[in-house]
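J.: Residues per chain are reported as follows:
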Amino acid sequence: MSAAPQLVAVLALAAVWLAIGVAGLAALHRFHVVARILFPAGGAVALLIAAVALTALWGTPQAVVLPIGLPGLPFHFRLDGLAAFFLLVLGGAAAGVSLFSAGYFRQSEGTAPGLLCLQYHVFLAAMALVMLADDAYAFMVMWETMALASFFLVISNHRIAEIRRAGYLYLLIAHIGALGILLCFGVLQANTGDYSFANMRVQHLSPFWASVAFLLALAGFGAKAGLVPLHVWLPEAHPAAPSPVSALMSGVMLKTAVYGFLRVAYDLLPAQLWWWGVLVLALGLASAVFGVVFAAVQSDMKRLLAWSSIENIGLIFAGIGLALLFAAYKMPAAAALALTAALYHVASHAFFKSLLFIATGAVLHATSERSLGRLGGLLRVMPWVGWACLLGVLASAGLPPLGGFVSEWLLLQSFLFTPGLPNAFLNMLVPAVAAVIALVAALAGYTMVKFYGVIFLGQHREEKLAAARDADSWERLGMAWLMAGCVALGLFPAQGIELLAPVTELLVGASLAQSSGGASWLLVPVSVERASYGPLFFFAGVAASFGLAYMLVRRLYHGRLRRAAPWDCGFPWQTARMQDTAEGFGQPVRQIFEPLFRMRRELPTAFDARPRYAVEVGDHFWHWLYLPLARLVESAARAIGTLQRGRIAIYLLYSFATLIAVLIWVTR
Amino acid sequence: MSVLGLASQTLEIVAALALAPLLLGWVGQCRAWLQNRTAPGLLQPYRVLHKLFNKDSVLAANASPLFRTAPYVIFGCMTLACGIVPTLSTDLPLSPAADAIALVGLFALARVFAALAAMDVGTAFGSLGARREMLVGFLAEPALLMVFFTAALISDSTSLTTIVRTLSAREIGIQPSLALAAVALVMVALAENARVPVDNPATHLELTMVHEALVLEYSGRHLALIEWAAALKLFAYACIGIALFAPWGVAHAQAPAALLTALPVLIAKLAAAGFLLALLETLSAKMRIFRVPEFLGMAFMLAVIAMLVRILLGAGPR
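Residue numbers (our numbering), protein chains in the order written: chain X, 2 to 669; chain P, 212 to 529.
Worth double-checking, as some hints may not be accurate.
What the hints assert, rightly or not - Restraint-style ranges between C-beta atoms, simulated for each label pair: (1) Leu253/P x Thr576/X: 24 to 34 Å; (2) Ala243/P x Thr576/X: 35 to 45 Å; (3) Leu557/X x Val214/P: 20 to 30 Å.
If you're looking for bench data, these hints aren't it; they were derived computationally from the structure.
The beta-carbon is built from N, C-alpha and C at its ideal position, and this holds for glycine as well.
Let's have the full structure, built from the sequences with the hints guiding it.
T.: Put into structure tokens, the structure is as follows:
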């Protein structure tokens with residue numbers, strides 16, 4: 002097997018993950034063994050996987066066949082550039098989350114620490130193997146393992162009914178998605194009975210069947226990724242899970258869906274049709290707008306981040322849709338740009354969203370509060386978590402010079418290419434799309450200011466917050482790793498897109514050639530005259546001006562400082578509860594985007610003895626799609642239930658009637 | 212990167228730092244004239260800055276380090292912004308580091324820091340101002356981006372120097388897309404710089420404040436830096452308007468002698484822009500905060516229409 006060294010190495014490392022999980026089972030209640038040895042070991046394995054994936058990125062595809070699974074149906078594994086890139090993201094983000102978990106998990110999590118360790122590492126290994134699978138059978142087995150492991154992780158605090166319900170919803174939609182993927186593979190093998198991806202690649206499907214396969218893949222992977230309208234599980238399941246698991250689910254698991262979609266759309270399907278791109282673009286934009294607008298009105302910190310994940314996945318799919326559009330019109334350079342933007346966002350979202358989720362975990366442990374209305378002023382008592390989270394917030398808001406801005410910049414650049422499309426109608430439509438992306442990016446900034454400002458700034462809204470403790474050293478290590486990822490992705494985009502070049506070469510046959518003439522500090526998608534972005538210089542410019550101002554003010558004037566009570570507007574009875582709330586911060590968005598929400602308001606009148614104000618924000622999809630669907634299923638089940646009489650004579654009668662009917666049909 | 216390029220880059224930043232308060236003073240002067248008032252001296256903003264720098268900084272008892280860092284960050288962002296926009300020359304070494312989209316990002320970075328710092332102390336006004344500032348920001352930012360995209364489609368580039376070079380090469384005349392974009396940019400600039408009709412820089416009536424509520428807790432050198440940064444922002448917006456819609460007279464790399472005449476030309480254009488701003492402020496009344504989304508929504512739609520017009524009419528060879 003020396004022909005595939007990196008692939009074997011990754012498989013072995015995944016096996017080590019499984020072994021760590023089993024070791025956790027052996028040390029079921031020995032909390033210190035699990036937390037101090039097994040989780041850091043898992044983090045080290047993640048780092049190794051990332052390192053191996055890095056070396057495999059430029060290599061030729063490697064394949065092995067392992068005789069495990071059913072007899073006559075061995076598992077095919079294959080490692081190419083696309084898989085290597087996603088493994089790199091998985092390893093990079095998982096390393097930070099595992100290190101954080103070493104400090105995070107406590108005995109009180111609801112599940113025995115050893116069992117949690119098993120589920121966690123099975124989840125990681127399954128995600129890695131999903132990316133390596135090279136036949137539908139192995140893919141589905143790993144996909145389901147991943148779904149089940151994450152389901153058990155979501156309900157690890159299973160004594161709370163709300164969490165069980167969230168887990169059930171997650172499991173349900175995960176399986177609807179899996180069904181779509183299974184059917185998609187069924188179409189792709191084109192009646193040959195050979196379910197290996199190698200066979201699917203050489204099949205030439207008619208446009209109709211190719212479209213059927215594509216739509217099934219979109220539904221299946223879209224359900225996992227949280228695309229509108231299959232997003233409803235996401236804001237329920239992510240807050241329910243323990244924070245490191247939320248970080249993995251949001252940062253990495255959603256990306257396996259992106260991976261699967263890319264695999265089917267570019268690798269397994271022979272050619273792309275232009276309306277696929279339009280459909281994916283529209284769904285992506287709808288998810289992005291819907292996600293960010295709902296994120297802006299949330300008052301639960303983890304739910305806010307979950308909605309923000311929907312937004313980011315929407316942006317990724319918008320990029321993929323645009324790339325499909327360009328690929329269908331045979332514009333490989335433009336397709337490579339759009340795809341690079343989407344993939345760059347995959348990487349930066351993995352880092353910043355994991356960072357934000359584990360930061361909420363640290364806040365949750367320190368204060369046992371998730372509601373924004375009872376937090377505040379934590380930067381002063383938890384400086385480590387506070388500053389780490391600030392970095393994550395800036396990256397998430399798409400601000401230079403961090404990672405989120407690079408992908409946004411690339412995405413907007415690729416929209417400026419669209420006037421070259423041969424379809425005049427699309428040419429007119431696409432600028433409006435760029436406007437939507439700009440709006441989403443600006444709203445993300447609003448949401449993140451609300452998130453950070455209400456949790457970490459201002460005064461403590463509850464007395465107990467003053468006693469909150471900062472993260473411990475393992476947690477700090479995990480956060481520092483993810484912070485380093487955010488900063489590196491932000492400051493070295495030219496090197497970052499070098500890593501993406503083999504992937505885009507593989508998928509659309511072109512890559513972003515560095516045309517800056519060797520200036521590696523500058524990100525240049527086409528030419529310097531056209532557009533360029535140099536975050537290092539950008540950062541240096543702001544920093545130099547910062548430093549000079551700081552120095553000169555002290556040299557020319559003075560550095561005197563006095564502390565005093567804040568200005569109270571002549572009303573000395575102000576309390577911390579009179580600060581602006583999360584609901585107040587969301588109010589303008591609620592008003593401007595009112596049609597998108599299903600709102601129920603309870604307003605006090607002037608004569609109420611105890612005036613009460615309440616507002617409840619619901620999701621239209623839930624009321625117009627899911628509840629009617631649930632009612633339909635229920636009434637259908639009840640109608641069928643009338644057949645069930647519970648008496649043996651009636652059932653015999655049914656059998657007899659069926660027999661007669663079949664006989665008539667056969668002898669006809 | 213040439214010596215001349217470095218010289219023009221330095222000159223541009225120094226000119227911005229020096230002239231920005233003057234522009235503010237000039238606008239105040241014009242406003243006073245238009246309203247039949249006696250104007251404070253043209254140099255009043257400099258005196259205010261000097262006074263503030265001399266005073267002690269009084270910090271709220273519970274202010275975190277973020278509160279003290281933010282003024283420097285905002286000042287740094289605005290200085291860089293003024294260094295990027297080609298006002299005197301298109302031969303700028305800093306220009307490849309940030310294009311039009313990065314410039315919008317730079318404004319957003321400064322805005323986010325201002326809003327976070329305002330929420331830091333935890334008074335009612337600070338967070339009220341932060342919320343309103345972010346509201347204005349998320350409505351104005353896409354509109355500004357669309358204005359830049361219109362210009363980017365015309366010159367086939369988002370690099371500001373290329374845009375200015377292309378636009379200054381064409382003959383003087385009105386392009387419909389640019390005219391629409393200009394209106395949108397003026398509306399965005401009014402909102403972003405906290406001018407009437409969106410905000411009133413002279414007010415201290417608490418319920419109507421946006422920018423003033425945001426910086427209510429600042430004093431001494433921190434306030435001076437923030438006020439200077441606000442002046443720089445107004446300067447940057449004026450320069451963006453000049454660069455996009457009246458770029459004639461800017462020096463190019465091929466003709467460095469024009470650098471000598473570029474500064475007087477720029478000052479003349481800025482004086483005209485300042486007068487226009489004062490006129491607009493005098494003629495309009497401040498609107499309620501809930502009318503602001505409509506106002507900025509209109510700017511956004513105008514900018515999008517400008518882009519569509521450009522695509523429809525300019526379907527020539529790329």
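J.: Each hint should be assessed against the structure and marked as holding or not.
T.: The hints, checked one at a time:
For Leu253/P and Thr576/X, the hinted distance range of 24 to 34 Å is not satisfied, since their beta carbons lie about 46 Å from each other. Between Ala243/P and Thr576/X the CB atoms are about 43 Å apart, so this pair conforms to the stated range of 35 to 45 Å. At about 29 Å, the beta-carbon gap between Leu557/X and Val214/P stays in the expected band of 20 to 30 Å.
Checked against the numbered hints listed earlier, the structure breaks hint 1 alone; every other hint is satisfied.
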